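Line by line, the protein sequences are chains A and B.
Residue numbering for the first sequence follows this note's numbering, starting at 1 and increasing by one per position.
Residue numbering for the second sequence follows this note's numbering, starting at 1 and increasing by one per position.
The hints are simulated quantities; they were obtained by calculation from the structure and are not laboratory data.
Among the hints, erroneous ones may be present.
Quick partial rundown of chain A residues pointing at chain B, CB under 7 Å, derived from the structure [unchecked claim]:
1) Ser120
2) Leu128
3) Leu132
4) Ala141
5) Ala145
6) Tyr232
Being a predicted model, the structure only gives us computed values, none of them experimental.
Backbone N, C-alpha and C define an ideal beta-carbon position, used for all residues, glycine too.
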Amino acid sequence: MMAREHLGEVLGRLCPLHALLDEAGHVTHAGPTLQKLRPDLAMPGRRFLELFELARPRAVDTMAGLVAAPGGLLRLRFRDAPRTAFKGQIVPLPGEGGAIVNLSFGISVLDAVRDHALTSADFSPTDLAIELLYLVEAKTAAMEASRSLNLRLQGAKIAAEEQAFTDTLTGLKNRRAADHVLRRLTGAGHPFALMHLDLDFFKAVNDSLGHAAGDHVLQRVARIMLAETRSYDTVARVGGDEFLLIFHRLTDRARLGEIAKRLIAGFEAPIAYGTQICRVSASIGIAFSDGQGGDDPADLLHRADLALYAAKRAGRGRARMFEPAMARREPGKGPAAARAACPEPRRQ
Amino acid sequence: MHGLINRAIQSFVCDTYGADCWRRATRRAGLGFTQFEAMLNYDDGQSRRLLAALGEVLGRDRAGMLEDLGTYLVSHPRTEALRRLLRFGGVTYVDFLHSLDDLPDRARLAVADLQLPALELREHASGRFSLACGPGLPGFGSVMTGILRAMADDYGALATIERERASADGAEVIAITLVETAFAAGRRFDLGASAR
Numbered sequence: 001m002m003a004r005e006h007l008g009e010v011l012g013r014l015c016p017l018h019a020l021l022d023e024a025g026h027v028t029h030a031g032p033t034l035q036k037l038r039p040d041l042a043m044p045g046r047r048f049l050e051l052f053e054l055a056r057p058r059a060v061d062t063m064a065g066l067v068a069a070p071g072g073l074l075r076l077r078f079r080d081a082p083r084t085a086f087k088g089q090i091v092p093l094p095g096e097g098g099a100i101v102n103l104s105f106g107i108s109v110l111d112a113v114r115d116h117a118l119t120s121a122d123f124s125p126t127d128l129a130i131e132l133l134y135l136v137e138a139k140t141a142a143m144e145a146s147r148s149l150n151l152r153l154q155g156a157k158i159a160a161e162e163q164a165f166t167d168t169l170t171g172l173k174n175r176r177a178a179d180h181v182l183r184r185l186t187g188a189g190h191p192f193a194l195m196h197l198d199l200d201f202f203k204a205v206n207d208s209l210g211h212a213a214g215d216h217v218l219q220r221v222a223r224i225m226l227a228e229t230r231s232y233d234t235v236a237r238v239g240g241d242e243f244l245l246i247f248h249r250l251t252d253r254a255r256l257g258e259i260a261k262r263l264i265a266g267f268e269a270p271i272a273y274g275t276q277i278c279r280v281s282a283s284i285g286i287a288f289s290d291g292q293g294g295d296d297p298a299d300l301l302h303r304a305d306l307a308l309y310a311a312k313r314a315g316r317g318r319a320r321m322f323e324p325a326m327a328r329r330e331p332g333k334g335p336a337a338a339r340a341a342c343p344e345p346r347r348q
Numbered sequence: 001m002h003g004l005i006n007r008a009i010q011s012f013v014c015d016t017y018g019a020d021c022w023r024r025a026t027r028r029a030g031l032g033f034t035q036f037e038a039m040l041n042y043d044d045g046q047s048r049r050l051l052a053a054l055g056e057v058l059g060r061d062r063a064g065m066l067e068d069l070g071t072y073l074v075s076h077p078r079t080e081a082l083r084r085l086l087r088f089g090g091v092t093y094v095d096f097l098h099s100l101d102d103l104p105d106r107a108r109l110a111v112a113d114l115q116l117p118a119l120e121l122r123e124h125a126s127g128r129f130s131l132a133c134g135p136g137l138p139g140f141g142s143v144m145t146g147i148l149r150a151m152a153d154d155y156g157a158l159a160t161i162e163r164e165r166a167s168a169d170g171a172e173v174i175a176i177t178l179v180e181t182a183f184a185a186g187r188r189f190d191l192g193a194s195a196r
């Protein structure tokens, strides 16, 4: 059998984190890296279990208990700070009593390397610790690059949504798009009509059948509006159940009245949702721009609002054209005020 | 070509010659954008056109420009993470040279779709090496030449590094002559200190 000091020397090169124990459980030799972790404390001569606290197996305080660890597997940490944790394996030395304990930092290698300023030379050349450190750094750098890409993509998505002209639920244009068209038309001096449409009894559908039913209704009325308008007209969803329809170069009151009537009739047809039936209607206010210039989009919207308010007051499911008298009666009140003034009756 | 490579070229040009130069080159190459994303893949043709445009904008030959890119990747503070990853290759410059055979595998371990040409180090006599860079990424030999020079400084080794020739199949060979391994102090490398 090899002399003990030679064994320690060989083991020191192969397993720099090992300790040789005598039969009483005292350290007789510590590998160079293990000793480096406690530079001010000579390990030889110390009781192994005074240096380390065992987490597995628990409550072991004798050498016999240590050697009897199932599979020789140990989980331990230094008793004093820094309390570096280790995985370990104990193997009894045949014939002579005593044992070899080999330690590894396991997953806590990152902390250990930092806490004890370890270098590549402190690890055995076959130890994967350096590769593990490499991998952690490489993956962290790659992850950071991916994360910053994700952040930029998220920012771009938000920006794109802000610039979008489409209402994602109905596929109609949105408020931004409607404002854009209104500005363009008033600026170009083309005649057009502006219809402000507000669904009636929609809240009742939402409340009694749920939002999915409400969404279904919105999609259905969107299709009806698209069917009743020309491809170059603009149909926009500008609120939960509010829509703006812009009829390019169409100011004929009779024709617009017909369109409004067809829209309302279309909306009032029962809408099946699963086994349920949804019933809604709409109130419509219509304002006109004669194309002579001088129309301001905000004024036009206000006039359409006043007409809508008048339609609501006259009972639901109606359309009203703007008349100057409306402005005198209800200065500055929009459909929100109209709704507040005429709460929707719940449909049975 | 992988975004990491394109992004490296972008950082190099912006940090060395300025963002204006970079924008001119991307316009000249007809890219239609100015920012490469490190974690996306790009068409090889875009990278080819970009390098050609850069040569024209900077008035430099491609090989010299790519060598400088290699030096930049190791020595610029912005690319400290990459220097650290290379230093994991070994404790000495010779260890590092021997670790180059594993470099493509190491790169793939970090970023699965990053394909680098095969590298093969040969030791001809004590202190005399050659590094064969396989085909697949034109100009990679020039970049490696710059990296090897800067890493010699990083380790404090004194070495001469010359690009020798490109073989018929597009492989490039770099000759390395190590004069002194501990010529200067070199830069520190703490295992436990992560980049930035």
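Verification of the supplied hints:
no.: 1; hint: Ser120; in the structure: holds, 5 Å
no.: 2; hint: Leu128; in the structure: violated, 12 Å
no.: 3; hint: Leu132; in the structure: violated, 10 Å
no.: 4; hint: Ala141; in the structure: holds, 5 Å
no.: 5; hint: Ala145; in the structure: holds, 4 Å
no.: 6; hint: Tyr232; in the structure: violated, 32 Å
Checked against the numbered hints above, the structure violates hints 2, 3, 6; every other hint is satisfied.
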